[in-house]
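A.B. asks: These are the residues of each chain, in order.
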Amino acid sequence: MILLIPLFPLAAALWCAVPRSNRAAPFVTFAASVVTLGLSLAALGAVRAVSEIVVVRNWIALDALAGLLLVLIALVYATAALFSWGYLSDEEHGRRVRLYHANFNLFAFSMLCIPLLSEIGLVWIFVELTTLLSVLLVSYALNAEALEAAWKYMVLTLLGATIAVLGILLLFWALHITGSTDFTWDGLRAAAPRMPYPLLGAAFALILVGYGAKVGFVPLHTWLPDAHSQAPSPVCAMLSGIETSAVLYVILRLRNVFASDAHLHVGTWFVTAGLVSVIVAALLILQTHDYKRLFAFSTVEHMGIMLTAAGFLTPIGDVAVLWQLVAHAVSKSFCFYAAGATLLATGTREIAGVRGLLGTSRVAAGAMLLGGLAIGGAPGFAAFLSELAIFKAGLLAHMYLAIGLLAIFIVVAFFGLLRHITHMVGGDPESRRRRLPAPCLWALGIGAIPVVLLGVWLPRGLGDTLLSAARVLGA
Amino acid sequence: MSAVIAELNALVLGLFIITTIAMTVARQIGACMQLFIVQSLLLAASAFLLGASPVSWHLIALGCVTLASKVVVIPWVIRALVPGEVHQRRELSQTIDVPAALLISLGLTLIGYAFALHLMRSAPSLSPGNLAMGIAGLLVGLFLLAVRIEAVPQLLGILAMENGAFLAGIAVAPDFPLIAELAIAFDVPLLAFIVALLARTAYRRMGTTEVGGLSALRERVH
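In order, the protein sequence lines correspond to chains A and B.
Everything in the first sequence is counted per our numbering, starting at 428 for the first residue and increasing by one.
Everything in the second sequence is counted per our numbering, starting at 8 for the first residue and increasing by one.
Hint data in this document are derived by calculation from the structure and do not stem from the laboratory.
Careful: at least some of the hints might be erroneous.
Using C-beta positions, here's what the derived DEER-type ranges look like [as the list claims (entries may be wrong)]:
| no. | chain 1 | residue 1 | chain 2 | residue 2 | range |
| --- | --- | --- | --- | --- | --- |
| 1 | B | Arg34 | A | Ala473 | 54 to 64 Å |
| 2 | B | Ile103 | A | Leu526 | 33 to 43 Å |
| 3 | B | Ile25 | A | Arg523 | 17 to 27 Å |
| 4 | B | Leu113 | A | Gly465 | 55 to 65 Å |
| 5 | B | Met213 | A | Arg447 | 26 to 36 Å |
| 6 | A | Thr649 | B | Ala107 | 20 to 30 Å |
| 7 | A | Leu441 | B | Gly214 | 34 to 44 Å |
| 8 | B | Pro61 | A | Leu441 | 39 to 49 Å |
Computed footprint of chain A on chain B; a stretch qualifies when at least three of its residues, placed anywhere within it, have a C-beta under 8 Å from a C-beta of chain A [unchecked claim]:
| no. | region |
| --- | --- |
| 9 | 69-76 |
| 10 | 123-132 |
| 11 | 192-199 |
Heads up, the beta-carbon is just placed ideally off N, CA and C, and yes, glycines get one too.
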């Protein structure tokens, strides 16, 4: 069953690539995404009972942590597929939309493979594929800005991937020296204490910088606001909501390999790099003029928060990181649907150009407010609870300065987000009332359910999964 | 490894780094492409030499895939998709002049060499020269990427970096499971296809392939 999961988006991509499937492409994509989500949930349920399912030893396996990421990818894939259905239909019909859906499914396929693989070399290939298969989605608008964004995205993230591959080769060399041949998450962790320090240190630096460029850590984040603002909104939801998290997942899984050598000070590097990202992103949130860039900077902030908490190297910190990962995936994808709805209603991405959104589109205005409160971490939303858990983990780890800085700049980012959003929602409408396409309304409605529910109710199954997944990280 | 093979490999490595440095100063895009083909040939030659004795099918396969992908497919894809006029153009907007570029490349080569020596103190490698020249090639490729703004030379910068990483990789991880072969066989041609497609679109829509110089998306401060 696990092997079937990425095959559905692949089959949907092949279907959409066939000429004459123009009208069916959005439906086929959505149907494939729903089946993928169902299978992913079933796989996660099966994993919870046995702790790990090994499909092909040393190559394909699923544990609670991988299962959690798999479900999040499938969830965002499904809602983004639904939103795409309405979002693109108003712009144009025909061949380009069909090819968009083929590419969109391939992008989902590459992301779904990351949690399913346990061989580090193959994981690297699929991380690189996520870039290659999303570049043409970012450049979809085919104007100068979209081409520039796609180019920056590709060059910087592939530069990162090339730096990371040298780190991975050094890691394989270090593993070889210990006499082990299992180049898997577990194999590396078992052999890590016997690896030579210079190799482990060089691999750590290269992998953190290389994959960090793809996650969007400061100062390697410059491509992220461009790509995440120029791509069509459902693609932004995939890029910001889950692609960055999928690469962060790779860094998190390798963390304890490097943390086995205390001289590397992995925790300190994580906390420092994470805090720099949070601080810079919070300041950029204050001064941005584009509401899609606003949410993109918020992604840099959230990635920084998670890296900081992962640097505490404690089990409670890991649970908080994973809770934040879930909150970010559902809230950020919803924010980009809200941004897409606002763009459809107003025709501009400029914050200053949108006034009286409540009068132009009540749905877009409501979604913007809900998304802004949820991603900012307002009380009553999942990000608030996960950030409280991160503060608690930091206090228990005696990281007082880190927690103090984190608290200050999370608050700065929160007020920055709300200042911009309230400016857009309030005032007299500058454009006449517009009705959003039905699939967009459905995507917003379905996307809002986890955003609202997870802040007030943590399902027992999700709670258990978070604990099991944190045990896999094993701080 | 016999002494003759080791000496031949050393010659190949020397030519590899000279070719990579030459890429940073070649102004014409077509010449940059020719140098990349030579660099890829040298990577394949080093893989064949290291894989010859004792016989390593992994390395021989890597050499074959490199020849097919980087010497044949990628140049063909780029020539087919990027307009012919672009290949003949001299890139006059390179940000650093030739003597400075040579000096910086030399400095990066020395840094790569020192870094490789540091790593080799802790572990033996199949061919120490490969590690040193591989890391140097990666750094010089990074420099090439930084100073060029034309689409094709920027792509060649990324691919030169990757050639450097794999030149180092075949010395330290000759039995690396599949990654190099798969990456070179599938990822790299896909990358070339996408870059060439973007460059062609940019040329058609904006009349230029100087995509690295675009800067409309900067954060504005009032």
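A.B. asks: Report the numbers of all earlier hints that the structure fails to satisfy, in ascending order.
C.D. replies: 3 and 9
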